[in-house]
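Student: Please model the entire structure based on the sequences and the hints provided.
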Amino acid sequence: MQLFVVGLNHQTAPIELRESVAFTPEQAGEALQQLNGGGVLDEALIVSTCNRSEIYGVSNENRDVIPAVQSFIGQFHRVDLQQLNGSLYSYLDREAVRHLFHVAASLDSMVVGEPHILGQVRDAFLLALESGTTGLVLNHLFQKAAQVGKRVRAETEIGLRPVSVSSVAVELATKIFGDLQNCAVLVVGAGEMSQLTVRSLVLRGAKWITVANRSFDRAVTLAKQFGGRAVAWDTLVSHLAVQDIVISSVQADQYIIRRELIEGIMGERDHRPLFLVDLGLPRNIDPQVQDVYNVFLYNLDDLQTIAEMNRREREKDIPKAERIIEEEMQKFTAWQESLHLIPTIKSWRRQIERIREAELEAHLRRLGPLSERERNIITALSHAIVNKIMHKPTVRLKESANGQYLESIRYLFDLKEDE
0 MQLFVVGLNH
10 QTAPIELRES
20 VAFTPEQAGE
30 ALQQLNGGGV
40 LDEALIVSTC
50 NRSEIYGVSN
60 ENRDVIPAVQ
70 SFIGQFHRVD
80 LQQLNGSLYS
90 YLDREAVRHL
100 FHVAASLDSM
110 VVGEPHILGQ
120 VRDAFLLALE
130 SGTTGLVLNH
140 LFQKAAQVGK
150 RVRAETEIGL
160 RPVSVSSVAV
170 ELATKIFGDL
180 QNCAVLVVGA
190 GEMSQLTVRS
200 LVLRGAKWIT
210 VANRSFDRAV
220 TLAKQFGGRA
230 VAWDTLVSHL
240 AVQDIVISSV
250 QADQYIIRRE
260 LIEGIMGERD
270 HRPLFLVDLG
280 LPRNIDPQVQ
290 DVYNVFLYNL
300 DDLQTIAEMN
310 RREREKDIPK
320 AERIIEEEMQ
330 KFTAWQESLH
340 LIPTIKSWRR
350 QIERIREAEL
360 EAHLRRLGPL
370 SERERNIITA
380 LSHAIVNKIM
390 HKPTVRLKES
400 ANGQYLESIR
410 YLFDLKEDE
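With numbering that gives the first Met the number 0 applied, the sequence shown corresponds to residues 0 to 418, in that order.
Note that these hints are calculated values from the structure, not bench results.
Fair warning: this is a prediction, and the values are worked out from it, not measured in the lab.
A few of these clues could be false.
As the list claims (entries may be wrong) - Listed next, the in silico BS3-like pairs over lysine-lysine satisfying Cα-Cα at most 25 Å (straight line): (1) Lys387 / Lys143; (2) Lys315 / Lys345; (3) Lys223 / Lys206; (4) Lys391 / Lys415; (5) Lys415 / Lys149; (6) Lys330 / Lys319; (7) Lys149 / Lys391; (8) Lys174 / Lys315; (9) Lys330 / Lys345; (10) Lys387 / Lys345; (11) Lys143 / Lys206; (12) Lys330 / Lys391; (13) Lys387 / Lys397; (14) Lys174 / Lys206; (15) Lys387 / Lys149; (16) Lys143 / Lys319.
Claimed, not checked - Between beta-carbon pairs, the in silico distance windows are: (17) Glu60 / Asn138: 53 to 61 Å; (18) Gln142 / Glu15: 33 to 41 Å; (19) Ile341 / Val110: 19 to 27 Å; (20) Tyr404 / Thr23: 32 to 40 Å; (21) Leu366 / Arg395: 34 to 42 Å; (22) Val219 / Val110: 28 to 36 Å; (23) Arg353 / His139: 26 to 34 Å.
C-beta: ideal position from N, C-alpha, C; glycine also.
Tutor: Okay, here's the thing in structure tokens:
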């Protein structure tokens with residue numbers, strides 16, 4: 000049996016190539032049927048995200064199926080295989096397991112500790128399960144991968160600290176205001192970074208969103224995304240006084256929010272905390288506003304510095320995550336090595352069951368008429384005795400998965416090859 004993964008990711012391929020071989024859920028379902036139904040693989044599963052496309056497979060063929068799977072990726076997406084050369088990687092058996100566990104633990108992600116990959120791996124597993132293209136090995140492998148991902152998140156701090164500009168801004172806002180549900184948010188400009196930050200704030204509970212932009216139409220479009228309202232650009236100053244959080248990202252050759260303006264506003268609002276996020280380049284907000292009491296200003300560099308510090312802190316826990324992965328790999332390898340014992344264990348149990356049934360019937364006849372309850376109790380007793388007798392030898396047999404006792408069991412119980 001050959002367990003493997005073939006794929007490419009953000010470390011091996013540029014975004015243009017990743018886009019060209021990405022699988023939509025519909026395409027993944029179709030590709031799985033071709034791989035499985037066409038006799039290429041006995042089991043197949045596809046993990047496809049914006050940063051990776053990978054085919055996990057099991058083959059009972061003696062031949063090397065890796066080249067066939069590599070060719071399949073090119074043919075399915077109509078991409079010349081020469082374009083893929085140098086970008087595709089492949090791992091076999093233990094290394095394939097290690098790779099998947101790294102993926103599920105988000106150690107192989109563009110941002111270590113990012114929270115989405117575990118759900119994406121789970122969704123890929125469910126799709127393959129629904130498609131009927133997984134079997135004993137991939138089912139167990141991906142269930143184990145989910146356990147690895149959960150353990151790493153629970154037992155390390157890899158996923159705790161925010162490492163993107165938008166998530167850092169939200170974390171800082173939460174420290175200042177606590178619950179964000181009653182916070183009023185003003186978005187100045189409609190840049191991508193502003194949208195990401197507002198989206199993160201909304202996910203953390205912020206509800207009162209106001210958008211001001213030089214183009215009122217763009218302000219309306221952005222406001223609709225978050226259930227907020229758009230206001231005219233020339234009314235910006237009048238709306239500042241009632242805000243708790245201001246996110247600014249516009250092209251401007253001078254500061255649009257100055258210290259004098261903020262000093263006046265803070266007097267009107269009884270110096271309630273005001274959190275300013277300056278995502279503009281050049282900067283939109285006069286840095287001197289941070290000298291005003293209860294005004295908290297963070298610019299792009301500040302947020303990126305914090306994000307980088309958090310990223311380094313996350314990476315300190317990578318050795319802990321690696322130890323978890325190694326533990327779970329040993330468990331999976333022991334399980335995988337025990338697979339060749341299953342036919343013998345099944346044959347042994349079938350033989351014992353035949354003996355149990357024959358002896359049970361013989362002794363029930365000797366006992367004469369019995370109530371249904373009495374027959375059930377005696378039958379249950381016979382099952383319990385068999386299970387108790389077989390349990391410890393079965394465990395020992397699996398623990399010595401190198402087959403140390405396999406032939407002894409077959410010899411002692413006279414088990415035939417085809418039994």
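Student: Would you mind marking each hint as holding or not holding in the structure?
Tutor: So, going through the hints one by one against the coordinates:
1. Taking the CA atoms of Lys387 and Lys143, the gap is about 28 Å. The hint is violated against a cut of 25 Å.
2. Of the pairs offered as hints, the one joining Lys315 and Lys345 is violated, with about 47 Å between alpha carbons and a cut-off of 25 Å exceeded.
3. For the proposed pair Lys223 and Lys206, the alpha carbon gap of about 12 Å is at most 25 Å, so the pair holds.
4. Our distance criterion of 25 Å between C-alpha atoms is met by Lys391 and Lys415, whose separation comes to about 22 Å.
5. A C-alpha spacing of about 43 Å is found between Lys415 and Lys149, which places the hinted pair above 25 Å, so the restraint is violated.
6. About 17 Å separates the Cα atoms of Lys330 and Lys319, which keeps this hinted pair within 25 Å; it holds.
7. As the CA atoms of Lys149 and Lys391 are separated by approximately 31 Å, the hinted pair breaks the 25 Å bound.
8. For the proposed pair Lys174 and Lys315, the alpha carbon gap of about 24 Å is at most 25 Å, so the pair holds.
9. For the hint linking Lys330 to Lys345, the alpha-carbon distance of about 22 Å falls within 25 Å, and the restraint holds.
10. Restraint check for Lys387 and Lys345: satisfied, since their Cα atoms lie roughly 16 Å apart, inside the 25 Å limit.
11. Proposed proximity of Lys143 and Lys206 is contradicted: the alpha carbons are some 39 Å apart, above 25 Å.
12. This hinted pair checks out: Lys330 and Lys391 have alpha carbons roughly 19 Å apart, not beyond 25 Å.
13. With a CA separation close to 16 Å, the supplied pair Lys387 and Lys397 stays within the 25 Å bound.
14. For the hint linking Lys174 to Lys206, the alpha-carbon distance of about 18 Å falls within 25 Å, and the restraint holds.
15. Among the hinted pairs, Lys387 with Lys149 is inconsistent with the structure: their alpha-carbon atoms are about 34 Å apart, more than 25 Å.
16. For the given pair, Lys143 sits about 18 Å from Lys319 by alpha-carbon distance, which is consistent with the 25 Å threshold.
17. Taking 53 to 61 Å as the suggested C-beta distance range, the pair Glu60 and Asn138 does not conform, at roughly 20 Å.
18. Checked against the hint of 33 to 41 Å, the pair Gln142 and Glu15 passes, with Cβ atoms roughly 35 Å apart.
19. A beta carbon spacing of about 41 Å between Ile341 and Val110 contradicts the range 19 to 27 Å that was offered as a hint.
20. Between Tyr404 and Thr23, the C-beta spacing of about 49 Å breaks the proposed range 32 to 40 Å.
21. Checked against the hint of 34 to 42 Å, the C-beta distance between Leu366 and Arg395 comes to roughly 35 Å, which is consistent with it.
22. Against the hinted window of 28 to 36 Å, the Cβ-Cβ separation of Val219 and Val110 comes to about 33 Å, which satisfies the hint.
23. About 29 Å separates the C-beta atoms of Arg353 and His139, a value consistent with the hinted range of 26 to 34 Å.
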